[in-house]
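Engineer: Here is how the chains run, residue by residue.
There are 2 protein chains.
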Amino acid sequence: MMKALLLVAHGSRRQQSNDEVDKIAETLKAHCIKEYHIIYSSFLELAETLIPDGIKKCVDDGAGSIVVLPYFLNSGRHVVKDVPSIVNAEKEKYPGVEFIISKHLGASDLMLDLLVSTANTAVNEFIQQD
Amino acid sequence: MMKALLLVAHGSRRQQSNDEVDKIAETLKAHCIKEYHIIYSSFLELAETLIPDGIKKCVDDGAGSIVVLPYFLNSGRHVVKDVPSIVNAEKEKYPGVEFIISKHLGASDLMLDLLVSTANTAVNEFIQQD
Numbered sequence: 002m003m004k005a006l007l008l009v010a011h012g013s014r015r016q017q018s019n020d021e022v023d024k025i026a027e028t029l030k031a032h033c034i035k036e037y038h039i040i041y042s043s044f045l046e047l048a049e050t051l052i053p054d055g056i057k058k059c060v061d062d063g064a065g066s067i068v069v070l071p072y073f074l075n076s077g078r079h080v081v082k083d084v085p086s087i088v089n090a091e092k093e094k095y096p097g098v099e100f101i102i103s104k105h106l107g108a109s110d111l112m113l114d115l116l117v118s119t120a121n122t123a124v125n126e127f128i129q130q131d
Numbered sequence: 002m003m004k005a006l007l008l009v010a011h012g013s014r015r016q017q018s019n020d021e022v023d024k025i026a027e028t029l030k031a032h033c034i035k036e037y038h039i040i041y042s043s044f045l046e047l048a049e050t051l052i053p054d055g056i057k058k059c060v061d062d063g064a065g066s067i068v069v070l071p072y073f074l075n076s077g078r079h080v081v082k083d084v085p086s087i088v089n090a091e092k093e094k095y096p097g098v099e100f101i102i103s104k105h106l107g108a109s110d111l112m113l114d115l116l117v118s119t120a121n122t123a124v125n126e127f128i129q130q131d
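Residue numbers (the numbering used here), protein chains in the order written: chain A, 2 to 131; chain B, 2 to 131.
If you're looking for bench data, these hints aren't it; they were derived computationally from the structure.
Check the hints yourself; a few may be wrong.
Said to hold, decoys possible - Subject to a maximum C-alpha distance of 30 Å in a straight line, what follows is the list of computed DSSO-like cross-link-like pairs (lysine-lysine):
(1) B:K94 with B:K104
(2) A:K30 with B:K104
(3) A:K58 with A:K24
(4) B:K82 with B:K30
(5) A:K104 with A:K57
(6) B:K94 with A:K104
(7) B:K24 with B:K35
(8) A:K104 with A:K94
(9) B:K57 with B:K104
(10) A:K24 with B:K35
(11) B:K57 with B:K82
(12) A:K24 with B:K82
(13) B:K94 with B:K57
(14) A:K104 with B:K30
(15) A:K82 with B:K24
(16) A:K4 with A:K82
(17) B:K4 with B:K24
(18) B:K57 with A:K104
(19) A:K104 with A:K30
(20) B:K4 with B:K30
(21) B:K30 with B:K104
Since this is a predicted model, take the numbers as computed values, not measurements.
Looking at chain A on its own, in the form it has when it is part of the complex:
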């Protein structure tokens, strides 16, 4: 079964922020092609591709299972209500497809490592500048 990973970010009026999300999805493709055969980015609002279109792209590419990954740091209303509500509405259209909504990023154990690593990188670059 073809597995898809759909990154869902909030979407910004600032195109550069949306481009950053698209670029992360692109980089992710090379990073986990063995685990997820199809990877797209999508947005809750303000930017293209919107979530329903992102889901359609995954299904059109042959996904039998779609992991929806909220690219959010906190468990606000968007993560708790808006994203699940949109995904559940789309789910009705594709009865043969499995949908899994993952936790948001701030809930991951790896977040601690990411924080320390980001700080350490800054310190090392600062020392090298001296």
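Place chain B on chain A using the hints.
Structural biologist: This is chain B only, laid out in the frame that chain A set:
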């Protein structure tokens, strides 16, 4: 020299989101006490502790070096302009203290691992539910 890590999040009207940030800073304390002796969370706006107060707490605790870590996914105006501008203004008050502003989280290589790990955890939990 005592090293401090100051997490800087946006701040939300929703107290639960701010509590999540405070909790991450708390957990981080146990996680990297050898590298950073002092760890606090702070907020750009809408929530206590604000950045200047967070910096003051680090200095009062004896920090000789403060790594300011923007808890943001994208390099928007807050990361590029607002946080550096506030930190630079505070820097003037503490001439003996070294200030390092790290990149935002979305710029880290570890972000890819965090994304895949978050997705995989969701898939495993989904399988176990079946």
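Engineer: The structure should be examined with respect to each hint, and the outcome stated for every one.
Structural biologist: Against the structure, the hints:
1. Taking the CA atoms of K94 of chain B and K104 of chain B, the gap is about 23 Å. The hint holds against a cut of 30 Å.
2. Taking the CA atoms of K30 of chain A and K104 of chain B, the gap is near 23 Å; set against the 30 Å cutoff, the hint holds.
3. For a cut-off of 30 Å, the pair hint linking K58 of chain A to K24 of chain A stands: about 17 Å separates their Cα positions.
4. For the hint linking K82 of chain B to K30 of chain B, the alpha-carbon distance of about 28 Å falls within 30 Å, and the restraint holds.
5. For the given pair, K104 of chain A sits about 21 Å from K57 of chain A by alpha-carbon distance, which is consistent with the 30 Å threshold.
6. Taken as a hint, the K94 of chain B and K104 of chain A pair is broken in the structure, with Cα atoms around 41 Å apart against an allowance of 30 Å.
7. Proposed proximity of K24 of chain B and K35 of chain B is supported: the alpha carbons are some 19 Å apart, at most 30 Å.
8. Only pairs whose Cα atoms come within 30 Å are accepted, and K104 of chain A paired with K94 of chain A is accepted, the gap being roughly 23 Å.
9. Using a Cα cut-off of 30 Å, the hinted pair K57 of chain B and K104 of chain B holds, with the two alpha carbons roughly 21 Å apart.
10. With a C-alpha separation of about 34 Å, the suggested pair K24 of chain A and K35 of chain B falls outside the 30 Å cut-off, and the hint is violated.
11. For the hint pairing K57 of chain B with K82 of chain B, the CA-to-CA distance comes to about 21 Å; that is within 30 Å, so the pair holds.
12. Annotation: proposed proximity of K24 of chain A to K82 of chain B holds, straight-line Cα distance about 22 Å (limit 30 Å).
13. Simply put, K94 of chain B and K57 of chain B have alpha-carbon atoms about 10 Å apart, close enough for the 30 Å limit, and the pair holds.
14. For the hint pairing K104 of chain A with K30 of chain B, the CA-to-CA distance comes to about 23 Å; that is within 30 Å, so the pair holds.
15. The straight-line distance between the Cα atoms of K82 of chain A and K24 of chain B is roughly 22 Å, inside the 30 Å bound, and the hint therefore holds.
16. Simply put, K4 of chain A and K82 of chain A have alpha-carbon atoms about 24 Å apart, close enough for the 30 Å limit, and the pair holds.
17. For the hint pairing K4 of chain B with K24 of chain B, the CA-to-CA distance comes to about 20 Å; that is within 30 Å, so the pair holds.
18. Between K57 of chain B and K104 of chain A, the direct Cα distance comes to roughly 34 Å. Violation of the 30 Å bound is thereby established for this hinted pair.
19. A distance of roughly 20 Å separates the Cα atoms of K104 of chain A and K30 of chain A; the hinted pair therefore holds under the 30 Å criterion.
20. For a cut-off of 30 Å, the pair hint linking K4 of chain B to K30 of chain B stands: about 12 Å separates their Cα positions.
21. For the hint linking K30 of chain B to K104 of chain B, the alpha-carbon distance of about 20 Å falls within 30 Å, and the restraint holds.
Violated hints, in rising order: 6, 10, 18; the structure is consistent with all others.
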